[in-house]
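Position chain B against the provided structure of chain A, taking the given hints into account.
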Amino acid sequence: MDPSEVEFLAEKEVVKIIPNFSLDKIYLIGGDLGPFNPGLPVDVPVWLALNLKQRQKCRIVPPEWMDVEKLEEIRELERKEDTFTPVPSPYYMELTKLLLNHASDNIPKADEIRTLVKDIWDTRIAKLRLSADSFISQQEAHAKLDNLTLMEINTTRSFLLDTLNCMFKLRSNLQPGSSGGKAQDH
Amino acid sequence: MPCERKTMRYGHSEGHTDVCFDDTGKYIVTCGSDGDVRIWESLDDDDPKSINVGEKAYSLALKNGKLVTAASNNTVQIHTFPEGDPDGILTRFTTNATHITYNSSGSRVAAGSSDFMVKVVEMSDSSQQKTLRGHNAPVLSVTFDPKDEFLASASCDGSVAVWKIEEQTQVISWPLLQKSNDVINAKSLCRLAWQPKAAKLLAVPVETTVQLYQRDSWAHVNTLSDDLGTQAINVVAWSPCGKFLAAGSIGGLLTVWDVESKLCVERQTHEKGYTVCGLAWHPSGGQIAYTDTEGCLGVLDGLSSSSSSSSTTAAKTSYDDLFDDDDDDRPMDEGVSEGARSPAKNPGDEDDDDDLMPATGRARNRSAFLDDENSLDTGSLKLGLDKFVDDDDVGSAIVPPAAAAAPLRPVYDGPMPTPPQKAFQPGSTPAHLMHRFMMWNSVGIVRGYNDDQDNAIDVEFHDTAVHHAMHLTNSLGHTVADLSQEAVLLACPGTDELASKLQCLHFSSWDTNKEWMVDLPKGEDVRALCLGQGWAAAATSALMLRLFSIGGVQRELFSLPGPVVCMAGHGEQLLVVYHRGTGFDGEQALGVQLLQFGHKRRQVIHGEPLPLSRRSHLSWLGFTAEGTPCFIDSEGVVRLLNRSLGNMWTPVCNTRDNCKGKSDHYWVVGVHENPQQLRCIPCKGSRYPPTLPRPAVAILPFKLPLCQTTTEKGQMEEQYWRSVLLHNHYGFLSSSGYEIDEEGQSQAQKEQQELLMKMFALSCKLEREFRCVELAELMTQNVVTLAIRYASRSRRMALAQRLSDLALEKANQLQGEEPQEEEEEEPLQYTRRNTGSGLGRPGSAGGQHRVTNVLDSMISSSRKPTALLSSSGSTGKLNKTPVLKPLAPRPKTKVQHNSQIETGFQLWLEENRRILLADNPELEETDVIKEAMGRFRTLSADDRLVRCLTQVCVCASLINTWCYDTLSVREMIYLLD
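From first to last, the protein sequence lines are chains A and B. If you read the first sequence in UniProt numbering, its first letter stands for residue 1, the second for the next number, and so on. If you read the second sequence in UniProt numbering, its first letter stands for residue 1, the second for the next number, and so on.
If we strip away everything but chain A, and leave its shape as in the complex, we get (with noise of 0.2 Å):
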């Protein structure tokens, strides 16, 4: 699975959108989307907020999350704890990414959300890091981390399998015959 799948998956999240046409409800095969009535807010996935909003039919309502104290909150938080804490949203850093590129005019104080959803991010990341460093070195079977994302899972997975299966083959052939790394094996 590559980001740009994990991306996919996050523009089925609904968003609300101000569109500046009116059209009935349209029936798809994940669901009735509409009625649009100009000036009326609406719920639609990301995938069809940002098709109409290239194409200059909506506006789009930023997520409640995504705004400046929340994201201020939320980045204290993620400093102070040591494990993982609940993200506003399970696609925050691709939700992020996506509306900020595309619509960044209609999201107040864009460039600030950026850089606080950056910081989530790393900090995150860097937990993740450390948890991976403990992990390997205590020599752990395994471990529980919670509130993951999958994007942040993502990004993690290939290097870890990686390097577990690398350290696998090296402490086998230090130590021919023996089974003992294989319960670090995933």
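Incorrect hints may have been included.
Below, simulated BS3-like cross-link-like pairs (lysine-lysine); rule was C-alpha separation at most 30 Å, straight line [claimed, not checked]:
1. B:684 / A:16
2. B:684 / A:57
3. B:179 / A:109
If you're looking for bench data, these hints aren't it; they were derived computationally from the structure.
Only chain B this time, still in chain A's reference frame:
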């Protein structure tokens, strides 16, 4: 002590000021926060001499041609007077001095400062200083003992202290004041004053009273207070003779007491109610100069020139004043009883009318509150009020004393009139904002920007298919706007040179000229605007409503019964709300007119009162998307016109119920009936939204304020009536020739009937059979059939029976006026047929046919339960029902038919009863009817026809006739049976 309050004049820029007289009393000297000292020869001096002493001047004192000022550069400076040349610096502090004062001889100056210190400096040698330390907060004011032994000072630490100057020690300290951290935050400036000459008393303003302390013993000897003084006294000053004490309060009340008798001898209110912060007596004692925190200077003139003024008069007046406090009618009574009053006193009485001010002050506060929230022009209103009062005073000053003895205006303390709400555009934010919404409606948004860089209008459409966004430079200064699918309408108020203009950007025009402009006649200003389909309307200050076609053709013109508040247009309807009169005690008296243009021109609502919530004003007016008039008041209650209830207004929602905080509001931008939506913008802590960040629309549901909506019953009732109310528009639309969504209508009806059925089932479960029947009356006929089935299934035979009767009635009702039942009495039926034929109404036979059909079906349906019953085997009941059956329905149906039919005969009877009675005076009522019937039958057919025709004409009133004479009708039925 009669005195005259002269009109105030502007002296300094807004902020703290101080005032004093020079030794001779020739000049008034003021200083203010603009840092200038001004020397006025009199109040009318148009060119006072200005001396700049610093950035700000906090206090000044003047004696022996030396002017000392406390300026913001932390120094106390000397200037020569009246030349105004700088004459050195007297002393310095670490922060600014707050108050300075001379001793009686002028040899020393005392200065109090924000650095907690008081300094006493010799004028001759400024190095001779005495510092008084002991206050723990900025010093508010200082005053010298006239005998130069003591000095009193007040401080923000709440204490008032007396110091022995030579020893630099505190003699006594009283904790009298409220503590504060700075002079600016102090509740009162607490300007102390030591009685001149005798030097016996020290006056300390404490809250609303003045406390008098005796020298040497430092005992509290007296308290001077005034019942009308509701706000803290800022400053006190002794008259030069030492007998009178003047005080100026935060609320602008100026009071003069006779200290010996402790009576208030003079009372004046500041003309605008600003805080008095400087007060000085003229050396002669006949004049008081005062300044306020807005930088204005005023003078009270004509105070008794010396202490020798007849003390008896003073006492008398003061007694009068005392009583006047609570007995406002006194001038009238006294005018009668005391014919020869001293003329000199009358102006004083007139001044008593100023005591009204606190009362009007209440209304004023209220208006200020309105101002915050809904752009009411209280500024002008206040001015109006003040002008009114001023005029009065001027009048009293001009009118010769003899004439002033004429009846005085009785003081009024009944309900106070509400300031009328100012005209506004629904969906706009207040005009004083730099960035504002000039209009937000279902079509789009018009934003107005009026700041340093730009004076522009942005028009944006919700649906970009209507038109692209527009940016206009607002060179004309438009203040009101409306927006429709066809055009943007803008208007600006007139100025001295330019007339009020109406500008229309008709963007949907198919020619190339998309704009027109109209100048209103001179002196006429546009107050409210609206756009409809193909027309525009403007209500003006001349109580005129002008209609234009959308292309710019002037159309109808008519006068409005009162000043317009706002207007709304939709399709061919125009809704106007105006002031019907003056409201009292916070209520607005608004009237509403609903006009319909197009092919059916008429006035639907004829200026009826608009039912606002208690003590609220109108905040939004408009139409739902479906064209039903709707309005919202400042209490957040949304009311919808109920066309089915004789154009009454029904509350459908209270937006405040949805608010979390007390100061949160919903700013409504649109109302939709189908789907049921109230589109509004949630505003946190305000009544209207800011333009940035762009507010988002939220949707509120409607909820009729029915009782017990927490119960299932209440909920269903609410749903039912809401559905009925919000689908009224179908009837209106189809009647005014619009296309309607038939499917939607039938769906709504289905929903209503379903709800009724649910309610029916619920009542059945609760064993409320009477209620079941009531509900069934609301149902359509085929749903009643279902109800009957339900009732019979649930073994409620009596109910089923009643329902089947009801179904019968309903079926009959369906047939309307058409002749329908064979078993009718012959003569009545005869008339009936005559009516029918006389009016040429076709299809009586068909009607009859249908009736029988309906009856058949009804009977069969009502028999079903019987069949069921029989199968269940309870015979007793079964036998009874058929017996009961014909009896029960008959009178009912008869009543109903008679209510329609009896009219011909009834009318005739009404006309001829007297003749009948005259002919046969001995007859009983029943006999009269019998007799009448006989006569009626003998009438010729033609005769009857005429009567029947007249009967048709007065058809509407017949119900009344019937009600009026129920008794005789009942008897008639009885007879007929």
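Would you pick out the hints that fail for this structure and give their numbers low to high? 3
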